[in-house]
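Asker: Just so you know, the protein sequences line up as chains A and B, in that order. Anchor point for the first sequence: position 272 equals 272 in the working numbering, and the numbering is continuous, going up by one each time. Anchor point for the second sequence: position 55 equals 55 in the working numbering, and the numbering is continuous, going up by one each time.
Among the clues, some could well be false.
[Stated by the list, open to error] If you want a taste of the chain A side facing chain B, the calculated C-beta under 8 Å gives, among others: (1) Q32; (2) L98; (3) L242.
[Claimed, not checked] Computed Cβ-Cβ distance ranges for the label pairs, DEER-style: (4) R9/B - N141/A: 30 to 38 Å; (5) T207/B - G239/A: 56 to 64 Å; (6) K122/A - D264/B: 18 to 26 Å; (7) A256/B - D70/A: 30 to 38 Å; (8) D70/A - G294/B: 43 to 51 Å.
[Claimed, not checked] 30 Å max Cα-Cα, derived DSS-like pairs, lysine-lysine: (9) K84/B - K220/A; (10) K210/B - K122/A; (11) K112/A - K210/B; (12) K112/B - K84/A; (13) K232/B - K27/A; (14) K27/B - K112/B; (15) K210/B - K27/B; (16) K84/A - K220/B; (17) K122/A - K220/B; (18) K210/A - K122/A; (19) K220/A - K210/A; (20) K84/A - K210/B; (21) K112/A - K220/B.
Please keep in mind that the hints were generated in silico from the structure rather than gathered at the bench. In this text, a Cβ means the ideal position worked out from N, Cα and C, and glycines have one as well.
2 protein chains.
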Amino acid sequence: MTLPDYSTREPQNLYAPIAYALAAGGKRLRPQLAIIAAQVFGADEEAVLPAAQALEVFHNFTLLHDDVMDHASVRRGRPTVHVKWNENTAILSGDQMLIEAYSHLAQLPADKLPQALVLFNKMATGVCEGQQLDMDFETRNDVTLDDYMRMIEGKTAILLATALQLGAYLAGADDAQQQALFDYGIHLGLAFQIQDDLLDCFGDPETFGKAIGGDIAENKKTFLWLTARERKSNWNTIGRALEDVLADYEQLGVRAAAEQAIADHTQQALACLDALPHNEYTDQLRQLAQRLVGRKV
Amino acid sequence: MTLPDYSTREPQNLYAPIAYALAAGGKRLRPQLAIIAAQVFGADEEAVLPAAQALEVFHNFTLLHDDVMDHASVRRGRPTVHVKWNENTAILSGDQMLIEAYSHLAQLPADKLPQALVLFNKMATGVCEGQQLDMDFETRNDVTLDDYMRMIEGKTAILLATALQLGAYLAGADDAQQQALFDYGIHLGLAFQIQDDLLDCFGDPETFGKAIGGDIAENKKTFLWLTARERKSNWNTIGRALEDVLADYEQLGVRAAAEQAIADHTQQALACLDALPHNEYTDQLRQLAQRLVGRKV
């Protein structure tokens, strides 16, 4: 999948940050999921290209604005847009990225566009709602594990699920098949996010790429934090040494609970694939889910 | 035109600021223009409602994010969203408003949606580009009057023009008729913005509603500032008393030039209407343009 060259558009100060944000690369996981989902039903990349581009530009828009809100200074090893330029640039170029996502979507065939737009809007709304819940959690003391699962479903899983559903829809899959891929994506996304939380605590410092314990240092309410809180009243991480917290996570069975949740959601993701045609593309989705359980970064 | 009640949606912290921003009211000029344009061709409000809602929500989204970027603390007599809540809320709720605009648009009939989305995206891109140029002007010393006209065409006029074009398109008007209304909207928008610049200098303090000379105090590059710069080398406002600047504007013929430009664009707007059916709705558009020339606020 290629994206347009935004670096040559005017005004430069609007489009150069967009080109910069998109050039950072990343895994391009969302377009990949849309394309594989279409291939499951015999369509090719061409059929989903506008949706794949829209999903990738949208994802990078969320990263750009999230980095402003989180005051994050580094993204994929480079200064974030609001650091390299300034905050106003990050806000406005981010807004334009969201509009660009819809401009990509507008390239879809006219008969496919209305439903694709509905799915895309629902996803985008879910992502913003998830981001809001995440921000709310920082100051709330009554967050439950259920609240957390709802939050990561919005913030992470819906985008993966919708990428898959859109790919299937554009390839002519029926409602049940679309739903199966959507559900696969939700479970994949939940497993992915819990794995993220787990690696932050128990990842290999050699391969993880950043310092272990970042979430603990920030007292972030992760899957592990909330599971510990459910198992031990007055549980907290504030002012505690990393080793103590990790020891608690082992003793309270929190680490095991996270590993179990990842395995469960991976299993549920795989089960969703049973409703689909068996071919090399569903095999790819199967492998993707399995690789996830063992990933180190 | 009604808008959904966002105040009851969850999460509250995402939607309450949206409800607040939309409850401030304002003139609802953009939906009005879309509706009148549709009425010119015999359609009713119903036919354009999703587009009218999308335009109004989009307009208020731009105000919300512009206020963050300008560090503006008051909007329509009330604290701005980033003052009443905080900056992150203003960014994220603004993002969601942009998505809501597209969700309204998605309610259009399937046969009308693809072209409406193209027009809307083009407009939204023009508005962001105009806002970027406006920000660029603050630090540029080589801004010409032509640059300025291009900037306000994006920042103000395109939105009015597209509201009219969308209304006409949805009512079944042909391309030439759509173009005539678009052009009317561009000239109306340009006249409107220059009038804004003029009132900031020569408005009646009794009726203007805010202090005279705000643009001068901020050394903003307005139509008047740039015309003065074209007529007198090294012309500037920095550190100068309001009375002196206004006296210059009179002596250099800058005030007269602004009045002439408003009259010219109003005349051009009216001329565009000649290509359209003559009925009570084109009369309303004629009156709207004429009222503009004499407005005090």
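Asker: All hints, please: hold or fail.
Answerer: Verification of the hints:
1. Q32: violated, 24 Å
2. L98: Holds, because the Cβ-Cβ distance from L98/A to chain B comes to roughly 6 Å (cut-off 8 Å).
3. L242: violated, 28 Å
4. R9/B - N141/A: 30 to 38 Å: violated, 24 Å
5. T207/B - G239/A: 56 to 64 Å: Hint holds: Cβ distance 60 Å, inside 56 to 64 Å.
6. K122/A - D264/B: 18 to 26 Å: Because 47 Å falls outside the window, the suggested range is violated.
7. A256/B - D70/A: 30 to 38 Å: The hint (30 to 38 Å, Cβ to Cβ) is violated, given that A256/B and D70/A are roughly 52 Å apart.
8. D70/A - G294/B: 43 to 51 Å: holds, 50 Å
9. K84/B - K220/A: holds, 26 Å
10. K210/B - K122/A: Violated, at roughly 41 Å.
11. K112/A - K210/B: violated, 49 Å
12. K112/B - K84/A: violated, 41 Å
13. K232/B - K27/A: The hint is violated at about 56 Å.
14. K27/B - K112/B: Distance ~27 Å between K27/B and K112/B Cα, so the pair holds.
15. K210/B - K27/B: The hint holds at about 17 Å.
16. K84/A - K220/B: This hinted pair holds, its Cα atoms lying about 26 Å apart.
17. K122/A - K220/B: violated, 41 Å
18. K210/A - K122/A: Violated: K210/A and K122/A sit about 33 Å apart, past 30 Å.
19. K220/A - K210/A: Holds - the C-alpha atoms of K210/A and K220/A are around 16 Å apart, at most 30 Å.
20. K84/A - K210/B: violated, 37 Å
21. K112/A - K220/B: violated, 46 Å
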